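Chemist: Residue numbers are given in our numbering: position 31 of the sequence shown equals residue 18, and the series is strictly consecutive.
Quick caveat, the hints were computed from the structure, so don't treat them as lab data. Watch out, some of these pointers could steer you wrong.
What the hints assert, rightly or not - The calculated label-pair distances, taken between Cβ atoms and stated as ranges, are:
1) 116 - 4: 18 to 26 Å
2) 98 - 125: 41 to 49 Å
3) 3 - 107: 38 to 46 Å
4) 103 - 135: 44 to 52 Å
5) 118 - 31: 20 to 28 Å
6) 16 - 98: 31 to 39 Å
7) 98 - 123: 38 to 46 Å
8) 91 - 4: 39 to 47 Å
9) 115 - 4: 25 to 33 Å
10) 46 - 6: 21 to 29 Å
11) 3 - 114: 29 to 37 Å
12) 122 - 7: 17 to 25 Å
All figures in this text were calculated on a predicted structure; none of them were measured in a lab. Yeah, the Cβ is synthetic: ideal placement off N, Cα and C, and Gly gets one too.
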Amino acid sequence: MAAEPLFLHAEAHMLDKMTNRLDFHGSALLLRSERQRAIASNIANADTPGYVARDFKFADAMRAVNEAQAPSPLRSQSVSDPRHIPLPAAASGSSDSTLGYALQTQPSLDNNTVDMDRERAAFVDNAVRYEATLRFINGQSKTMLSAIQGQ
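Whenever a hint applies, use it, and build me the whole structure from the sequences.
Modeler: Take a look at the structure:
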């Protein structure tokens, strides 16, 4: 078996470096959409008696994604190829580990803990952050495409 040429290894390493940033921001988009879903659920249940508002712990979920993507000999071998990145529980649909209860700011007679002002503000903040991440990914993709085309 012949050894892999050095330039192929260098090209693969360079491609990995270029796509790692996109992978990070792609994970951020996925997690932002999960947080948006939790906030939307709170808003939809604002009039449901006894409903307890939930919030998605974005920072904890992002930390879990970073740890899952970092090379480690202790990481589970549950993927079919060493280049595949296993999704953390938060990104794969079982988000109980990052879905916590929102703090109640005003007591209500029906024991509903949704604070509509806080939920609306969180919804807008998360939407703006989602849009910023999406714009960054689009810009990075355009830059990479320009570099590939030699422009």
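Chemist: With reference to the structure, classify each hint as holding or not holding.
Modeler: Status of each hint after checking the structure:
1. 116 - 4: 18 to 26 Å: Given about 25 Å between the Cβ atoms, the range holds.
2. 98 - 125: 41 to 49 Å: holds (44 Å)
3. 3 - 107: 38 to 46 Å: holds (41 Å)
4. 103 - 135: 44 to 52 Å: holds (48 Å)
5. 118 - 31: 20 to 28 Å: holds (22 Å)
6. 16 - 98: 31 to 39 Å: This hint holds: roughly 35 Å between Cβ atoms.
7. 98 - 123: 38 to 46 Å: holds (41 Å)
8. 91 - 4: 39 to 47 Å: Holds, at about 45 Å.
9. 115 - 4: 25 to 33 Å: Holds, at about 29 Å.
10. 46 - 6: 21 to 29 Å: Given range 21 to 29 Å: holds, Cβ gap about 24 Å.
11. 3 - 114: 29 to 37 Å: holds (31 Å)
12. 122 - 7: 17 to 25 Å: holds (19 Å)
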